[in-house]
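Visitor: What follows is each chain in one-letter form.
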Amino acid sequence: MYEIINKNVLNEAVTALKIKARFIAEKAQPGQFVIVKIDEKGERIPLTISDFDRNDGTITLVIQAVGVTTKKLSKLNKGDFIENIAGPLGMPTEFGNPKKAIIIGGGVGCAIAYPQAKALHNMGVDVTVIAGFRSKDIVILEEEMKVVSNSLYITTDDGSYGEKGLVTDVLKRLLDDGGYDLVIAIGPVIMMKFVALTTKPYSVKTIVSLNPIMIDGTGMCGGCRVSVGGETKFACVDGPDFDGHLVDFDELMRRNTLFCEEEAHACRLEESVNG
Amino acid sequence: MADMNPKKTPMPEQAPDRRNKNFDEVALGYTSEMATKEAGRCLNCKNRPCVGGCPVNVPIPDFIARVAEGDFEGAYNLISTTNSLPAVCGRVCPQEIQCEGKCIRGIKGESVGIGRLERFVADYHREHGKATPVNINRNGKKVAIIGAGPAGLTCAGDLARKGYSVTIFEAFHTAGGVLVYGIPEFRLPKSVVAAEVNRLKESGVTVMTDMVIGKVLTVDEIIAMGFEAVFIGSGAGLPMFMGIDGEDSLGVYSANEFLTRINLMKAYIEDYDTPIKPMKKVAVIGGGNVAMDAARCAKRLGADVYIIYRRSEVEMPARKEEVNHAKEEGIDFKFLTNPTRIITDENYKVTGIECISMQLGEPDADGRRRPEKIPGSEHILEVDSVIMALGTRPNPLIKKSSPDISVNARGCIVVGEDMQTSKENVYAGGDSVSGAATVISAMGAGKRAAAAIDKKLNEKL
Ligand SMILES: Cc1cc2nc3c(=O)[nH]c(=O)nc-3n(C[C@H](O)[C@H](O)[C@H](O)COP(=O)(O)OP(=O)(O)OC[C@H]3O[C@@H](n4cnc5c(N)ncnc54)[C@H](O)[C@@H]3O)c2cc1C
Ligand code: FES
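So the sequences go chain by chain: A and B.
Taking the numbering used here, the leading residue of the first sequence gets 78, the next gets one more, and so forth.
Taking the numbering used here, the leading residue of the second sequence gets 1179, the next gets one more, and so forth.
Extracted from the complex, chain A is given alone in its bound form (with noise of 0.2 Å):
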């Protein structure tokens, strides 16, 4: 059983809680994530860890509610227990030694870029965020992704606050710009998918987090699997970090939405760029 310390309700439809997870907290690194099994008869889902703290033993989750188990997480208080929470799992991240690095977060992406963007700052990298939302409404993290960048983009669909456009507009600017040796991409699949696009004719590093569907996230189940460079991986064992310019995210996207037909079981295919 795992204590929600804390309940921060960022927009309408995003929850972060912090969370006790002495264990997990101890290990954790930037990209990686847990499997949260909310009750009895609850699935087992993942949830990349936002922010964790070695000293209070806490860990920091930021959910969206699109599906079952996502809608029951929004909805817990703080002092209610979550029954299973399994990780740190997946790769850490794997930075190099950039010297400036772009970060891209697309909606709720914003809330596991902002912990990369932090790895980044805190390394001494010159760091450039770009957020991108549907709307005003929903935009979240800003004050803390000002704190840990050097500049900081905000994009809408609807123009309603920042740009009016795409991330990846912006991230063409400044490529043209040049300098940039790293650029990291976090939110819908198809958001990553044109950020990989973007950034090819540049040659420019770019890593993107997936997010298959998984049930074990250790590796044995194989329903994560997503293709890269040709081969078979397991994102939840080989990732879920991967090289933008290798995945096949056509597929991915495909086999997300494996489940979307099944009542109750919000579709993880997002319809916007934005999120």
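Worth flagging that the hints you see were computed from the coordinates, not collected in a lab.
Just so it is clear, CB atoms sit at the ideal spot from N, CA and C, and this is done for glycine as well.
Treat each hint with caution, since some may be false.
Derived pair list, reagent style DSS-like, types lysine-lysine, alpha-carbon separation capped at 27 Å [stated by the list, open to error]:
1) B/Lys1379 / A/Lys97
2) A/Lys118 / B/Lys1199
3) B/Lys1455 / A/Lys149
4) B/Lys1444 / A/Lys149
5) B/Lys1458 / A/Lys152
6) B/Lys1320 / A/Lys104
7) B/Lys1308 / B/Lys1215
8) B/Lys1578 / A/Lys104
9) B/Lys1601 / A/Lys104
10) A/Lys213 / A/Lys84
11) B/Lys1505 / B/Lys1551
12) A/Lys118 / B/Lys1477
13) A/Lys310 / B/Lys1527
14) B/Lys1459 / B/Lys1444
15) A/Lys148 / B/Lys1455
16) B/Lys1455 / A/Lys118
17) B/Lys1634 / A/Lys118
18) B/Lys1505 / A/Lys118
19) B/Lys1633 / B/Lys1601
20) A/Lys310 / B/Lys1578
21) B/Lys1379 / B/Lys1455
22) A/Lys155 / A/Lys195
23) B/Lys1379 / B/Lys1199
24) B/Lys1458 / B/Lys1199
25) A/Lys195 / A/Lys118
26) B/Lys1185 / B/Lys1215
27) B/Lys1444 / A/Lys118
28) B/Lys1379 / A/Lys118
29) B/Lys1444 / A/Lys148
30) B/Lys1477 / A/Lys310
31) B/Lys1527 / A/Lys270
32) A/Lys310 / A/Lys277
33) A/Lys97 / A/Lys195
Restraint-style ranges between C-beta atoms, simulated for each label pair [as the list claims (entries may be wrong)]:
34) A/Asp133 / B/Asp1249: 52 to 62 Å
35) A/Gly134 / B/Glu1247: 50 to 60 Å
36) A/Asn88 / B/Ser1584: 46 to 56 Å
37) B/Ser1381 / A/Asn132: 30 to 40 Å
38) A/Asp133 / B/Gly1613: 17 to 27 Å
With chain A held as given, fit chain B with the ligands onto it using these hints.
Guide: Chain B with the ligands alone, transformed into the frame defined by chain A:
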């Protein structure tokens, strides 16, 4: 004088056309009368070949003699001197190649139903037996077990009885290993497994779930926490795929994924959250217990099911009873057939599987005749789902985080005579060492490791 009926006392079963629509247990178990009658068929022969056929040497004729006398608790006490999971083994052991395969009665008729009797005795004890509180002198030493499958549970039970403080670290949210995520409810009710795990907890074993070793803790960190020995019973859970075209399309699953959704996550029960895709026509690839279980689960979800196996029926590694049950339930076996590619529609959903017919050639290294393709025999079976039950390998997570634990080319942990790995005070056994094998062999390994750990830690005094 023994009852010389050449046939085993039949075991009551749910009728095939009824049971293939539900997940309740297929074989219903003996009544006291049936058990006593079947026990009467044992000749109690002097050289006891059955005991030699049992990987943990259950004193079979002795316990059967107790059953014949109606002393079921006495029989249980005898079995449990060497077998810590009799209710499980009675249901899932391949008796026909172990104890029953050696039974003298089997020469001229059917062997004694040893498995059925073992199950009866264990079930009787679970329902009627009184817990005998045992006062164990704790020796103050801590041992860690990684993995709560039959190997880990057995090792933990033996060490706890010897006075060790035992903690099991299990990756999943439930203890049991393959017994809970792989073998279906209709063959091994999960309440039976839970009862065994509870018995272990009552004897003082701590089970910590959600602990993926290699990730949350390394073996070295476990040792640093004060555990004097570690036993790795992490199984062989890594699924294999064929590498044919179309394997990543929608509707292709590993048997592990399919069975985990159904058995561990209970996707077949309405109010559980884990989804399962409805399927009408399913091809299961493989010929082992895993393939039989996957096929019979798919049948129970309402599908028509093929089992596609590249050799012939006699080479199938599955338990005989499971093959017979699968046939009775209407599973369509395609022997000497091998898939060549998976066919999909424009949305990448499975619509069929192309197969090629095979013939048997010369025997290969393990003595089974090698299947060879018959050129030009390609044909297509229309299916909407494909389940790959091709075998599994040990998961590399622990090895990756502990490079000083040696594994062989197949990823299996290498151990010496005493079950110790290349790392001091770290032991291993079960599927993680042998590759996918059986419940009873994993238990046997857990027992041997417990004895070796006890010996080693006592020497240290
Ligand atoms: C579908 C199916 C049907 C079968 N039918 C039969 C049958 O009828 N008869 C028979 O005798 N055998 C059968 N078998 C084989 C039998 O189940 C196995 O040989 C046996 O369970 C092996 O026991 P084990 O303890 O070595 O491993 P497992 O049962 O695999 O248990 C390993 C445990 O370790 C855990 N684990 C793995 N990695 C880690 C880690 N890094 N950290 C913590 N925990 C970890 C796993 O979650 C699991 O709980 C079947 C197998 C399958 C898959
Ligand atoms: S989630 Fe099961 S193998 Fe990755």
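Visitor: The structure should be examined with respect to each hint, and the outcome stated for every one.
Guide: Evaluation of the provided hints:
1. For the proposed pair B/Lys1379 and A/Lys97, the alpha carbon gap of about 25 Å is at most 27 Å, so the pair holds.
2. Distance restraint check for A/Lys118 and B/Lys1199: the Cα-Cα separation of roughly 22 Å lies within the 27 Å cut-off, and the hinted pair is therefore satisfied.
3. A hinted pair counts as satisfied when its Cα atoms are at most 27 Å apart, and B/Lys1455 with A/Lys149 qualifies at roughly 22 Å.
4. A distance of roughly 19 Å separates the Cα atoms of B/Lys1444 and A/Lys149; the hinted pair therefore holds under the 27 Å criterion.
5. A threshold of 27 Å between alpha carbons decides the hint, and for B/Lys1458 with A/Lys152 the separation of about 37 Å lies outside it, so the pair is violated.
6. Taking the CA atoms of B/Lys1320 and A/Lys104, the gap is near 23 Å; set against the 27 Å cutoff, the hint holds.
7. Taking the CA atoms of B/Lys1308 and B/Lys1215, the gap is about 25 Å. The hint holds against a cut of 27 Å.
8. A hinted pair counts as satisfied when its Cα atoms are at most 27 Å apart, and B/Lys1578 with A/Lys104 qualifies at roughly 16 Å.
9. Between B/Lys1601 and A/Lys104 the alpha-carbon distance is near 23 Å, which keeps this suggested pair within the 27 Å criterion.
10. Our distance criterion of 27 Å between C-alpha atoms is met by A/Lys213 and A/Lys84, whose separation comes to about 22 Å.
11. Among the hinted pairs, B/Lys1505 with B/Lys1551 is consistent with the structure: their alpha-carbon atoms are about 25 Å apart, no more than 27 Å.
12. Note on A/Lys118 and B/Lys1477: the hinted pairing holds, with a Cα-Cα distance of about 23 Å set against a maximum of 27 Å.
13. A distance of roughly 20 Å separates the Cα atoms of A/Lys310 and B/Lys1527; the hinted pair therefore holds under the 27 Å criterion.
14. Proposed proximity of B/Lys1459 and B/Lys1444 is supported: the alpha carbons are some 21 Å apart, at most 27 Å.
15. Restraint check for A/Lys148 and B/Lys1455: the C-alpha separation of about 21 Å stays at or below 27 Å, so the hint holds.
16. Taken as a hint, the B/Lys1455 and A/Lys118 pair is honoured in the structure, with Cα atoms around 18 Å apart against an allowance of 27 Å.
17. Restraint check for B/Lys1634 and A/Lys118: the C-alpha separation of about 43 Å exceeds 27 Å, so the hint is violated.
18. Taking the CA atoms of B/Lys1505 and A/Lys118, the gap is about 32 Å. The hint is violated against a cut of 27 Å.
19. Between the alpha carbons of B/Lys1633 and B/Lys1601 the distance comes to roughly 17 Å, so the proposed pair stays at or under 27 Å and holds.
20. Straight-line distance between C-alpha atoms of A/Lys310 and B/Lys1578 comes to about 16 Å, which keeps the hinted pair within the 27 Å bound.
21. Only pairs whose Cα atoms come within 27 Å are accepted, and B/Lys1379 paired with B/Lys1455 is rejected, the gap being roughly 36 Å.
22. About 26 Å separates the Cα atoms of A/Lys155 and A/Lys195, which keeps this hinted pair within 27 Å; it holds.
23. A C-alpha spacing of about 35 Å is found between B/Lys1379 and B/Lys1199, which places the hinted pair above 27 Å, so the restraint is violated.
24. Simply put, B/Lys1458 and B/Lys1199 have alpha-carbon atoms about 14 Å apart, close enough for the 27 Å limit, and the pair holds.
25. Straight-line distance between C-alpha atoms of A/Lys195 and A/Lys118 comes to about 36 Å, which puts the hinted pair past the 27 Å bound.
26. A distance of roughly 12 Å separates the Cα atoms of B/Lys1185 and B/Lys1215; the hinted pair therefore holds under the 27 Å criterion.
27. Distance restraint check for B/Lys1444 and A/Lys118: the Cα-Cα separation of roughly 8 Å lies within the 27 Å cut-off, and the hinted pair is therefore satisfied.
28. Of the supplied pair hints, the one linking B/Lys1379 and A/Lys118 holds, its CA atoms being roughly 23 Å apart against a limit of 27 Å.
29. The suggested pairing of B/Lys1444 with A/Lys148 holds, with an alpha-carbon distance near 20 Å, which does not exceed 27 Å.
30. With a C-alpha separation of about 30 Å, the suggested pairing of B/Lys1477 with A/Lys310 is violated against the 27 Å cut-off.
31. Restraint check for B/Lys1527 and A/Lys270: the C-alpha separation of about 22 Å stays at or below 27 Å, so the hint holds.
32. Distance hint between A/Lys310 and A/Lys277 is fulfilled; the C-alpha atoms sit about 21 Å from each other, no more than 27 Å.
33. Our distance criterion of 27 Å between C-alpha atoms is met by A/Lys97 and A/Lys195, whose separation comes to about 21 Å.
34. For the pair A/Asp133 and B/Asp1249, the beta carbons lie near 58 Å from each other, so the given range of 52 to 62 Å is met.
35. In this structure the hint that A/Gly134 and B/Glu1247 lie 50 to 60 Å apart at CB holds, the actual value being about 58 Å.
36. Against the hinted window of 46 to 56 Å, the Cβ-Cβ separation of A/Asn88 and B/Ser1584 comes to about 52 Å, which satisfies the hint.
37. B/Ser1381 and A/Asn132 have their C-beta atoms about 37 Å apart, which keeps the hinted 30 to 40 Å range intact.
38. Separation of A/Asp133 from B/Gly1613 is about 43 Å and departs from the stated range, judged on CB atoms against 17 to 27 Å.
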